[in-house]
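Going line by line, the protein sequences match chains A and B.
Using numbering that gives the first Met the number 0, the letters of the first sequence correspond one by one to residues 0 to 348.
Using numbering that gives the first Met the number 0, the letters of the second sequence correspond one by one to residues 0 to 348.
Heads up, some of the hints might be wrong.
Repeated chains share a single entry, so a pair holds when one copy, or any two copies, can fit it.
To be verified - Result set (DSBU-like, lysine-lysine): computed pairs, CA atoms no more than 30 Å apart in a straight line: (1) K78 to K226; (2) K225 to K148; (3) K192 to K265; (4) K182 to K297; (5) K38 to K79; (6) K38 to K78; (7) K283 to K148; (8) K173 to K296; (9) K192 to K48; (10) K283 to K142; (11) K193 to K271; (12) K283 to K226; (13) K258 to K148; (14) K258 to K225; (15) K192 to K297; (16) K265 to K147; (17) K148 to K265; (18) K173 to K193; (19) K43 to K296; (20) K193 to K297.
For the record, the hints were derived by calculation from the structure and aren't laboratory data.
Protein chains: 2
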Amino acid sequence: MDGYNVAIVGATGAVGTRMIQMLEESVLPIASVKYLASKRSAGKVLKFKNEDVVVEELVPDSFNDVNLALFSAGGGVSKKFAPEAIKRGAVVVDNTSAFRMEEGVPLVVPEVNEKALYEHKGLIANPNCSTIQMVVALEPLRKVYGLKKVIVTTMQAVSGAGNRAIQELHDETKAILNGEEYKPQILPVSGDKKHYQIAFNPLAQIDVFEDDGYSHEEWKMIHETKKIMSDQDLQVTATCVRVPVAVAHSETVWFELEKSGADVAKLQSILKEAPGVVLEDDPKNQIYPQAVNAEGKKDTFVGRIRADNEQANSFHLYCVSDNLLKGAAWNSVQIAERLHALNLMRVPD
Amino acid sequence: MDGYNVAIVGATGAVGTRMIQMLEESVLPIASVKYLASKRSAGKVLKFKNEDVVVEELVPDSFNDVNLALFSAGGGVSKKFAPEAIKRGAVVVDNTSAFRMEEGVPLVVPEVNEKALYEHKGLIANPNCSTIQMVVALEPLRKVYGLKKVIVTTMQAVSGAGNRAIQELHDETKAILNGEEYKPQILPVSGDKKHYQIAFNPLAQIDVFEDDGYSHEEWKMIHETKKIMSDQDLQVTATCVRVPVAVAHSETVWFELEKSGADVAKLQSILKEAPGVVLEDDPKNQIYPQAVNAEGKKDTFVGRIRADNEQANSFHLYCVSDNLLKGAAWNSVQIAERLHALNLMRVPD
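Working from the sequences, and respecting the hints, build out all of it.
The structure is reproduced here in structure tokens:
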């Protein structure tokens, strides 16, 4: 074959536009691309490697002759259209939460659980952005020392809530600096009842709240991590906070290893060689990960590795990654690259 | 007596101006105020209850006839001038880190360890801002259930680094929104070698780094908490992050209680009645603490109380407080109020 016919569902969104960019840079053989979106966005013209591509309205027959469909247009769209794509022979990589916890659907971060791809039945789920960067940072340490418990606090960029949230942060910040009124309409959660100021104001809510007081984002970090690491006994707990940052999530991660024998130097040397990780850990020279440095990069940046001085086998790390790239678009395209490399880019009979 | 002669050292700073405001609102009987600062700021005119007060240059004899001196002009100034004030009969409440860990110097948050005031020898230290709000939130729970371990992540406002840092956040944010260059000169730490962008960019450095990789701010949270709670066995570990917020620190606090029997409802009902605490914990109605709501208030706002679903007696809370008020100026004035109420406003022989 000359290459794959690739469809991007939600091509005009914050993640969709990054999916295009990641495909342009990808080693994946591509015969054609098709940009799909809602009726509202149909007719817009976007580029692919300097060629014009007209955005088409998403309908079931959009997937005729498509080999690979990357979805990032909300859970509802995935639930409705992913089965249509698979039925027509397209392998789906879904960046929404629609199918992530469904049994039999691989939830994949290639650096962690690539082998789960062998079990796919036409659909692979891309994990939540805040989960991905954390497991990329922890997996290399887990391989050597085992992992018992994780306590994470996230400081998440508004771009996780889409382009309208980026715009709101921008407009609201400008208004406040000018002493003008601004009425928030998107953040913290566009579909929830109340909207609050994000400019200069962290918001301890990402997604809606569960009955036990956890936000759904926190729930995702807990349960997706267990699934990706295939370890239901791994203890994970989380607090997710939206902060006035446009792109790249920052996370403080406290973790307890199962085995003894680790120290800071050993953890650093493991992470220095780990796939998808860039170690930035030299506090005396003020080297630690920063959102502005991570933006536009595919890696997860890790630093501030320290021992918990009062609990055995327990440490801190700080990780930062571009939530739209490794947290979404790049991880999806990376999954597609691995499907190709492993000869798995087909819907099984 | 008619009241105290009160001196404010560092009266023109971010904390100093709030000390003035807190004194204006205080029940403390005040006969006179004196505003002291460096030579550079001498001659400026500030108000006290609508009266003009000319800022004077700080010299040892500034403290003649002063009964109470509130210091917030940096550790070096405190080290040099606090002994001069005490020698002249003034009780010193010091908001710098100069004497906090010194044996025999009470480190006081009135809601937690007011009784330590009885031991003062003329000087009482005011704890670090990020520590104060955490111990205000935890102490009521500790009283009932004991406290074994704390893991905290802070998201701290730039005003902790003074008025110049607030200005830098403002100017830098404006420049970035306008697509202009901006060269940071203050944050993360004015005295450290490199300065980084804080606008839209969390910085995992507050104060300089220790040899074990902890920042000095993290070190303060660990050791000050143990001293305030008089419990060297209490495990505390911390990650401190500066975020693009002007005023009010936000903290995610995971904690393990010593005794069993606690649940979310019980912790909430304890905190609802706790001194200095306002419970804002109703996730279903999107009620949780926010920096913009805490700014200008004296309380510590607590919410997001949840069980760690996988570890016994372990919970999360989220606390937010105005770092310039309860974290600094108000706690200092509150200490003075308590010294007065307990008849301790004098330097012991």
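Earlier hints that do not hold, by number: 9
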